[in-house]
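Those sequence lines, one after another, are chains F and B.
Residue numbers for the first sequence follow this note's numbering, so the first one is 1 and each next one is one higher.
Residue numbers for the second sequence follow this note's numbering, so the first one is 1 and each next one is one higher.
Hints are computed from structural coordinates only; laboratory data are not their basis.
It is possible that part of the hints are untrue.
The calculated DSSO-like cross-link candidates involving lysine-lysine, where the alpha carbons are at most 30 Å apart (straight line), are [to be verified]: (1) B/LYS92 x F/LYS578; (2) B/LYS182 x B/LYS115; (3) F/LYS184 x F/LYS396; (4) B/LYS75 x B/LYS115; (5) F/LYS578 x B/LYS75; (6) F/LYS314 x F/LYS176; (7) B/LYS182 x B/LYS254; (8) F/LYS176 x F/LYS379; (9) B/LYS211 x F/LYS578.
Interface residues of chain B toward chain F, partial, derived using beta-carbon atoms under 10 Å [unchecked claim]: (10) THR12; (11) TYR15; (12) GLN68; (13) PRO72; (14) LYS75; (15) GLN79; (16) ARG80; (17) LEU81; (18) LEU94; (19) VAL103; (20) CYS106; (21) TYR107; (22) ALA150; (23) ASN154; (24) ILE255; (25) GLY293.
None of these values were measured; they are calculated from a predicted model.
The C-beta atom is built at its ideal place from N, Cα and C for all residues, glycine as well.
Below, each chain spelled out in residue letters.
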Amino acid sequence: MPSESTFSRRAPGNEPSEGPDDSLAGPVNTPGRWRTIRMLTGVDMRAMLGSWLVRGFFLASAALSILALKGMQAEQKVASQMLEAVFATYIVLWMHAVIFIAGSALTREQHCLNDAILCRGITRGEYLFGKLFARCLMIALLICAVLVPSGFWAIRQDQLVRTETGQLSAKAENTKIEAWDPKKIFAEIDGSILSMDKEAGDSVQAGEVLALIDDRNLFDELERERRDEQNAMQEVENARRRAENARRAVAQAEEALARAERALLAKDLLSKLEQADRAADLRIRKRDLKNAENDYRVAQDGVGVAERAVETAKAKILETRKRMTHATVTSPVSGYLTEVLVRPSQYASIGTHLFTIAPLDDYQLRVPVYNFNEFKRLKVGLQAFITVQGTEYEGKVERLGAMTEADRWGRQSNYAIVRFKGDGTLGLLGLMADVRMVLPPPEEQKPNRAEVLLNALMGRSEEDIGSRTASVTPFWMSVTLVKVVSCAWMMTTLTLMLVVMFRNSLIAILCAIGLWHVSNLAFDFAGLPQLSYLEILRTMGRVLGGIVSPGEELASIAWILGFSAVFAAVAAILFIAKDPPK
Amino acid sequence: MNPPAIRFERVTKVYQNRQVALADVSFEVPAGATVGLLGANGSGKSTSIGIALGLVTPSAGHVEVLGQPMTPGAKATRQRLGFLSDDPSFPKDLNAIQYLDFVGRCYGLPRLEQKARMGTLLRTVGLTDDASRRIGTYSTGMKTRLGVAASLMNHPEMLFWDEPTAGLDPISRMQTLDLLEKFRGNKTVVLSSHILGDIDRVCDRLIILNKGQLLFDGPRAELENMLPHRVLDIRANGSLDAFRADIEARMGRKIFSHEPGRIRIELDSTDVVGEVTGQLLELARAHDVTISGINSIGRQLEDAYLKLITEDEFRGFERVSSP
Numbered sequence: 001m002p003s004e005s006t007f008s009r010r011a012p013g014n015e016p017s018e019g020p021d022d023s024l025a026g027p028v029n030t031p032g033r034w035r036t037i038r039m040l041t042g043v044d045m046r047a048m049l050g051s052w053l054v055r056g057f058f059l060a061s062a063a064l065s066i067l068a069l070k071g072m073q074a075e076q077k078v079a080s081q082m083l084e085a086v087f088a089t090y091i092v093l094w095m096h097a098v099i100f101i102a103g104s105a106l107t108r109e110q111h112c113l114n115d116a117i118l119c120r121g122i123t124r125g126e127y128l129f130g131k132l133f134a135r136c137l138m139i140a141l142l143i144c145a146v147l148v149p150s151g152f153w154a155i156r157q158d159q160l161v162r163t164e165t166g167q168l169s170a171k172a173e174n175t176k177i178e179a180w181d182p183k184k185i186f187a188e189i190d191g192s193i194l195s196m197d198k199e200a201g202d203s204v205q206a207g208e209v210l211a212l213i214d215d216r217n218l219f220d221e222l223e224r225e226r227r228d229e230q231n232a233m234q235e236v237e238n239a240r241r242r243a244e245n246a247r248r249a250v251a252q253a254e255e256a257l258a259r260a261e262r263a264l265l266a267k268d269l270l271s272k273l274e275q276a277d278r279a280a281d282l283r284i285r286k287r288d289l290k291n292a293e294n295d296y297r298v299a300q301d302g303v304g305v306a307e308r309a310v311e312t313a314k315a316k317i318l319e320t321r322k323r324m325t326h327a328t329v330t331s332p333v334s335g336y337l338t339e340v341l342v343r344p345s346q347y348a349s350i351g352t353h354l355f356t357i358a359p360l361d362d363y364q365l366r367v368p369v370y371n372f373n374e375f376k377r378l379k380v381g382l383q384a385f386i387t388v389q390g391t392e393y394e395g396k397v398e399r400l401g402a403m404t405e406a407d408r409w410g411r412q413s414n415y416a417i418v419r420f421k422g423d424g425t426l427g428l429l430g431l432m433a434d435v436r437m438v439l440p441p442p443e444e445q446k447p448n449r450a451e452v453l454l455n456a457l458m459g460r461s462e463e464d465i466g467s468r469t470a471s472v473t474p475f476w477m478s479v480t481l482v483k484v485v486s487c488a489w490m491m492t493t494l495t496l497m498l499v500v501m502f503r504n505s506l507i508a509i510l511c512a513i514g515l516w517h518v519s520n521l522a523f524d525f526a527g528l529p530q531l532s533y534l535e536i537l538r539t540m541g542r543v544l545g546g547i548v549s550p551g552e553e554l555a556s557i558a559w560i561l562g563f564s565a566v567f568a569a570v571a572a573i574l575f576i577a578k579d580p581p582k
Numbered sequence: 001m002n003p004p005a006i007r008f009e010r011v012t013k014v015y016q017n018r019q020v021a022l023a024d025v026s027f028e029v030p031a032g033a034t035v036g037l038l039g040a041n042g043s044g045k046s047t048s049i050g051i052a053l054g055l056v057t058p059s060a061g062h063v064e065v066l067g068q069p070m071t072p073g074a075k076a077t078r079q080r081l082g083f084l085s086d087d088p089s090f091p092k093d094l095n096a097i098q099y100l101d102f103v104g105r106c107y108g109l110p111r112l113e114q115k116a117r118m119g120t121l122l123r124t125v126g127l128t129d130d131a132s133r134r135i136g137t138y139s140t141g142m143k144t145r146l147g148v149a150a151s152l153m154n155h156p157e158m159l160f161w162d163e164p165t166a167g168l169d170p171i172s173r174m175q176t177l178d179l180l181e182k183f184r185g186n187k188t189v190v191l192s193s194h195i196l197g198d199i200d201r202v203c204d205r206l207i208i209l210n211k212g213q214l215l216f217d218g219p220r221a222e223l224e225n226m227l228p229h230r231v232l233d234i235r236a237n238g239s240l241d242a243f244r245a246d247i248e249a250r251m252g253r254k255i256f257s258h259e260p261g262r263i264r265i266e267l268d269s270t271d272v273v274g275e276v277t278g279q280l281l282e283l284a285r286a287h288d289v290t291i292s293g294i295n296s297i298g299r300q301l302e303d304a305y306l307k308l309i310t311e312d313e314f315r316g317f318e319r320v321s322s323p
């Protein structure tokens with residue numbers, strides 16, 4: 001090892017130290033082709049990460065995508081519409097940035113290509129493939145870093161709010177889960193609470209005993225009523241006997257009246273006095289009969305009264321017996337005891353509120369709706385999605401509160417009561433939940449002239465736009481993403497080929513941009529219209545909606561990747577064949 | 001017998017059918033020699049080095065380096081070479097450590113050896129203190145020194161150094177030449193420079209190119225033997241064209257420098273400097289030329305080089321028939 005630097009300042013005339021090759025001499029292992037390409041790829045990717053062109057592309061595309069997605073979320077667009085807009089922006093706008101990134105592959109180091117790179121035991125092919133891999137990989141990473149999260153976010157939004165006709169709507173966060181229709185338990189007999197072992201918050205099953213009320217008074221009362229019943233039944237017997245006697249008295253009176261009438265039949269044979277006596281006797285008999293009949297009726301009425309007294313007594317016994325069953329207080333439903341208002345040994349009279357029970361599986365949320373336009377579209381029975389700490393439940397709008405209320409911050413809002421089933425989950429009550437209600441779509445606005453023109457240029461019809469209400473699945477989102485990345489790779493390899501061909505980045509970039517736009521016509525003429533980016537944009541909604549043939553889509557992607565491979569091969573051949581710049 | 005380190009066999013390079021950089025050049029460089037590559041700007045020196053490194057593909061001819069044919073894909077052969085460009089360019093965003101690390105990885109050096117080698121070379125070229133600075137902020141001399149370090153990173157068997165002392169201060173230049181002297185006999189060195197003093201000091205063999213043609217290939221002593229015994233260097237003012245013509249016509253002397261205000265003539269070993277000087281003064285009076293100084297100097301590489309170049313300028317179509 002040299003003790004002093006050979007090039008370090010020393011007085012002229014001093015002996016130079018030993019040369020560097022006298023130390024650390026050793027064999028050099030020639031790295032393999034793929035190792036070299038991997039190394040060059042890594043170096044170029046690190047260089048790109050430090051480039052403000054790449055950083056700017058990523059930051060700007062990510063920011064614009066996020067803004068676009070949030071804007072469309074506010075406009076209640078469905079996932080396919082959101083993703084179509086973002087993916088289309090990448091194809092129409094950001095593909096130019098991809099071309100610039102690819103075009104700058106050789107620019108910055110063309111002047112040091114010989115000095116710094118190719119003279120170091122690296123072949124031209126290794127160098128170019130390192131560049132190709134680095135650019136393609138970096139561009140794919142940059143695009144996927146934005147579009148993959150965007151895609152899943154949009155799909156998630158869609159899953160939260162989509163119904164056949166509905167769209168995303170009012171959203172409320174941190175709404176407290178309350179019990180739906182809580183059951184209040186009242187005392188139905190008077191008495192002291194004998195036993196009770198439940199506390200507020202305990203879960204109870206339907207039919208479970210909540211408390212026992214002292215029912216000894218009811219036993220006494222029942223005994224009295226049984227005696228009253230016995231007496232009433234005895235009275236019925238007496239009344240019936242009296243009625244029988246009265247009936248017999250009527251019969252005797254009728255018989256006496258008949259004899260009196262017979263005695264008066266031969267009146268011509270009787271004296272006037274006898275006739276008068278017998279006529280008087282007849283009137284007396286008639287009066288006796290009438291009295292006997294009245295007594296009979298009275299006796300019969302007495303029987304009815306006595307029988308009613310028996311019925312009354314029986315009813316009282318039944319009533320008492322029934323009240324005795326209320327001495328055991330049971331839970332009518334499964335749920336939670338939210339209120340316990342009595343303590344053991346406390347006296348509870350009839351109608352005293354004893355407990356409140358929240359049904360176990362039936363909840364409600366009071367969702368404030370601040371936006372009046374959204375509230376106008378709300379209807380009873382609309383679908384709602386309730387998210388409790390990541391778990392999602394489905395419910396319905398049950399009631400609408402049309403009178404504004406102020407929340408704790410003083411904001412006025414109407415509200416909707418959303419009811420949902422907890423699927424038997426314990427512990428939901430009192431938790432905070434996020435609620436999204438699905439509103440019917442707003443009335444479609446007529447597209448403005450610019451939209452009509454754009455749709456005409458893109459070849460989109462009303463049916464196409466309508467078809468985009470189909471759900472987006474991760475598979476079809478991935479297919480579309482692969483298509484976008486394939487287009488980016490095609491532009492990367494094309495631009496690199498042009499850079500190698502012209503050895504001038506500006507010309508290559510301008511040519512690539514021109515070819516990109518002209519390719520719409522070129523592919524049409526070549527009989528491959530599905531590869532033109534206008535066609536890709538036109539069918540993107542259908543692809544996202546999954547209403548196209550997977551085979552055709554994969555064939556399109558294969559064509560695009562095939563073109564990329566051809567461009568890459570031509571670039572490599574040209575780069576290897578042509579001497580680098582002098 | 002060892003094969004030559006470099007063998008150029010009738011090599012021609014024409015750039016894009018516009019510029020002839022080399023025309024039918026053949027030469028050999030023995031292994032272990034320190035060869036000076038001389039020539040004016042555009043004479044084909046850099047092209048020759050580029051071809052020898054496999055960076056430039058010859059339009060015609062055959063090139064062998066270290067016994068192997070040199071092509072753009074001759075990766076293994078290039079791993080054994082070191083190169084310093086005349087205008088070294090580096091990735092400006094990297095610092096010296098990152099750049100040498102990249103160079104070491106290109107050569108496939110083991111990690112530990114690479115670090116140790118890097119440290120040694122940075123210390124050797126005096127860039128240890130500036131190793132963490134961006135290369136873009138380096139001066140020309142520092143870039144040259146970094147290029148020297150990079151060219152030695154892989155323990156090369158052969159070095160191609162193009163203007164290694166350009167932009168260096170006198171002390172750094174001397175140290176670079178010291179380093180080259182240390183390589184003498186151990187490595188084959190091809191040194192391209194315009195500074196003939198540097199070539200004179202370190203090279204034992206010369207290759208001279210002019211406008212893409214080989215003028216000389218051989219040991220330095222052979223070139224010097226082509227020179228006259230002595231040279232009279234005359235500085236004069238006045239109408240020199242007629243004066244020059246008279247010197248050649250009347251005195252029969254060969255003039256091999258046509259610099260303004262300067263005339264150089266050859267002297268044989270039998271010439272007496274005083275007699276020749278007297279004849280010159282008489283001719284000067286006849287032509288009304290004022291002689292401000294006459295120096296008698298011995299053999300110099302610069303003179304030999306100038307003589308060769310000057311003679312080549314006047315050869316014209318003789319080149320076609322020359323071997």
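Cross-check of the supplied hints:
no.	hint	in the structure
1	B/LYS92 x F/LYS578	holds, 25 Å
2	B/LYS182 x B/LYS115	holds, 23 Å
3	F/LYS184 x F/LYS396	holds, 24 Å
4	B/LYS75 x B/LYS115	holds, 23 Å
5	F/LYS578 x B/LYS75	holds, 17 Å
6	F/LYS314 x F/LYS176	violated, 52 Å
7	B/LYS182 x B/LYS254	violated, 40 Å
8	F/LYS176 x F/LYS379	holds, 21 Å
9	B/LYS211 x F/LYS578	holds, 23 Å
10	THR12	violated, 14 Å
11	TYR15	holds, 7 Å
12	GLN68	violated, 13 Å
13	PRO72	holds, 5 Å
14	LYS75	holds, 5 Å
15	GLN79	holds, 4 Å
16	ARG80	holds, 7 Å
17	LEU81	holds, 8 Å
18	LEU94	holds, 9 Å
19	VAL103	holds, 6 Å
20	CYS106	holds, 4 Å
21	TYR107	holds, 5 Å
22	ALA150	holds, 8 Å
23	ASN154	holds, 5 Å
24	ILE255	violated, 37 Å
25	GLY293	violated, 30 Å
Going through the hint list in order, the structure does not satisfy hints 6, 7, 10, 12, 24, 25.
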